[in-house]
Structure formats: structure tokens, C-alpha cells
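Participant: Sequence:
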Amino acid sequence: MTERFYITTPIYYVNGAPHLGHAYSSVAADVLARFKRLDGAEVLFLTGTDEHGQKVEAAARAAGVDPQAFTDGVAADFADMARRMNISNDDFIRTTEPRHKRAAQHLWRLLEQAGMIYLGAYEGYYSVRDEAFYDEAELTRRADGTLVATASGAPVEWVIEPSYFFKLSAFQDKLLALYEAEQNFIQPASRRNEVTSFVRSGLRDLSISRTSFRWGIPVPGDEAHVMYVWLDALVNYLTATGYPDADAPRAKFWPADVHLVGKEIIRFHAVYWPAFLMAAGLPLPKRVFSNGWWTVEGEKMSKSLGNSVDARALIDEFGLDAVRYYFLREVPFGND
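Residues -9 to 326, numbered by the working numbering, are exactly what the sequence shown covers, in order.
Warning: the hint list may mix true and false statements.
Below, computed lysine-lysine pairings styled on DSS-like, alpha-carbon distance capped at 30 Å [unchecked claim]: (1) K91 - K164; (2) K157 - K276; (3) K91 - K157; (4) K253 - K26; (5) K253 - K157; (6) K242 - K164; (7) K157 - K26; (8) K91 - K253; (9) K242 - K253; (10) K276 - K26.
Hint data in this document are derived by calculation from the structure and do not stem from the laboratory. Owing to the predicted nature of the structure, the values given are computational and were not obtained by experimental measurement.
Construct the entire structure; sequences and hints are all you get.
Facilitator: As C-alpha cells, this is what we get:
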């Protein structure tokens, strides 16, 4: 029987134009996809864009356009980057597509039916830039008094709002058992150790909805809430297989063989994502591999920081083959 191989890039957040880091992740996944095709495997290679959340809503407002028009433009820019980089993806998913809304809401209902969701109130630190919640122990106060996430340097703010919660705390032992039994589930080893340490320190239930903005997928049965962008976004990997239709042509590709992700989002893919899937009774991806950052003077290259470089400018100057070769030759995969 022909081997099947499903590989994904992270879906890229559309609050700004693509940069070198996005191109690097895409090229790395592309090389693996091409190798597996040459080896005779039937490959599904997915990339795309993550288009909901407070940061996108704010960026659209700043640009003076509605969020859908804003995301249409930026998603087209990411698709152009993939074309210019000669990325051989089989699908380009957008989280604003009807197929994705259907998949995300279906998974929500499964979690709800499993008794894993409850309504409460969230009070704590939130980073709009990272679209992430942080405990106080994960924060650093800078000399100017700004409180930032230690890992990313992103500013945080104190928020209080009604929220649905996922019972993440119920999965601590199951996740640790997964990491122990499947040593290659998280790679490289440094990231596995980091994630294991985070989970061992204790998991708290996760806020999975917001009411302070509207640009997101409505929570089934309670449209005053939209889904937390990371619950919404992670489902894209299922959406591309035709989920929730078990007889969809691509359903045979799940579970994914490799999720390639940046190290700043390893927690979402190696903690939250397997917990959601366990709760829903779905198979887990086989591997999550975290690549490093492209940095400028020691800081992560980022749209939000305005220190990014567009890979297409490098192609114009040096040619496509030279840029792709440089990405894979000069940087040990997994390192910054």
C-alpha cells in the first residue's frame, strides 16, 4: 500500500506582510514534501493563513478597511510568497473559509458534549501581539515599567471578561504520559524538555472564548462569544482533510505526520492541540517539530516589531535557488 504523508506549515497570521521567517518555514516543509513524493508517498502538504483575532481586527481598523477585506489582501500576499518561493503545497487554507468555520464549530460541540467546556470569567494577563494568556511567573517588568512576556517580549495587559474554559488541567498526566511514550512527538529534544517542564509545573484550565472583539468564529449557541483564536486556528489541520466528513477524500491523511512550527507556538501545538484532540476522541499528530527564529540584533524577526525582511526582495537580488539553498545550508534546523 502506498505510504501517505501529511505535512503542515504553521498557518501564518495576517496582521502584516510575510517575511523571511515565513518563507523559511515554508521552504523547510516544501523540501520534506518533495522528498516524500520522490520516495513514492502520497503527500498532502498544507499551508495557509490564520485570519481571526483581536490583532487582525485592530490592524484592519488601523488600515481603515473591514477585517474581511484586510485579510483578503494579506492572504493573497502570503499566497504570492508561496508561489514566488516555488512552494509545492497541495492546499492553501484560510480560517475565514466556510469549510473551516464548519470544522471549528463541530470540534467545539464535541468538546462541549464531552463535558470539557464550562462558562466562567477570565481575569489575568493577555498579550494581543502573541494572542496568548500568561501567568505572572511568565512575565518580566522592563526598566520603563512595561510588563512583557519573558519568552517573546510582547507587552501584556490585564483583562477581565466572561469566557468559556476548556478543562486543560484534566490532561496534565495524559500529556506527560504522551511525551514519555512518544519521545519523538516533540522535536528537537530541547523543545521537548521545555514543554515537559511547563506541563509538569501544573496546567490551569484554558480560556477559549472572547467577548471584547467580534472578529472570530462565533461560539455555537452563544454568539456573544467568539472562539479563542488558537482553538480556531489549530483546527485548520483537520479542516484540510475534509473534517468532520469521515468519507471525505482527504480524511485518510489524518493524523498528520509532521506539524512544522516556530518555537514561539510550540506550546499551542504540543500542549493545547493534543489535549483538544484527546478530549474529542481524535487521533493525535505523530510529530511536532519546532524550528528556530530568524533574528535581528538578537530579537525575533517580527511584523509587529517592524524589523522584518521580505524574502521576495532577496529572490529579486540573488535568485530563487540561491535563497532556498541559503535557508537550508546556513542554519542548523531547529536553531535560531
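Participant: Each hint should be assessed against the structure and marked as holding or not.
Facilitator: Hints, verified against the model:
no.: 1; hint: K91 - K164; result: holds, 28 Å
no.: 2; hint: K157 - K276; result: holds, 23 Å
no.: 3; hint: K91 - K157; result: holds, 22 Å
no.: 4; hint: K253 - K26; result: holds, 24 Å
no.: 5; hint: K253 - K157; result: holds, 24 Å
no.: 6; hint: K242 - K164; result: holds, 26 Å
no.: 7; hint: K157 - K26; result: violated, 38 Å
no.: 8; hint: K91 - K253; result: holds, 27 Å
no.: 9; hint: K242 - K253; result: holds, 28 Å
no.: 10; hint: K276 - K26; result: holds, 16 Å
Of the numbered hints given earlier, the model fails hint 7 alone.
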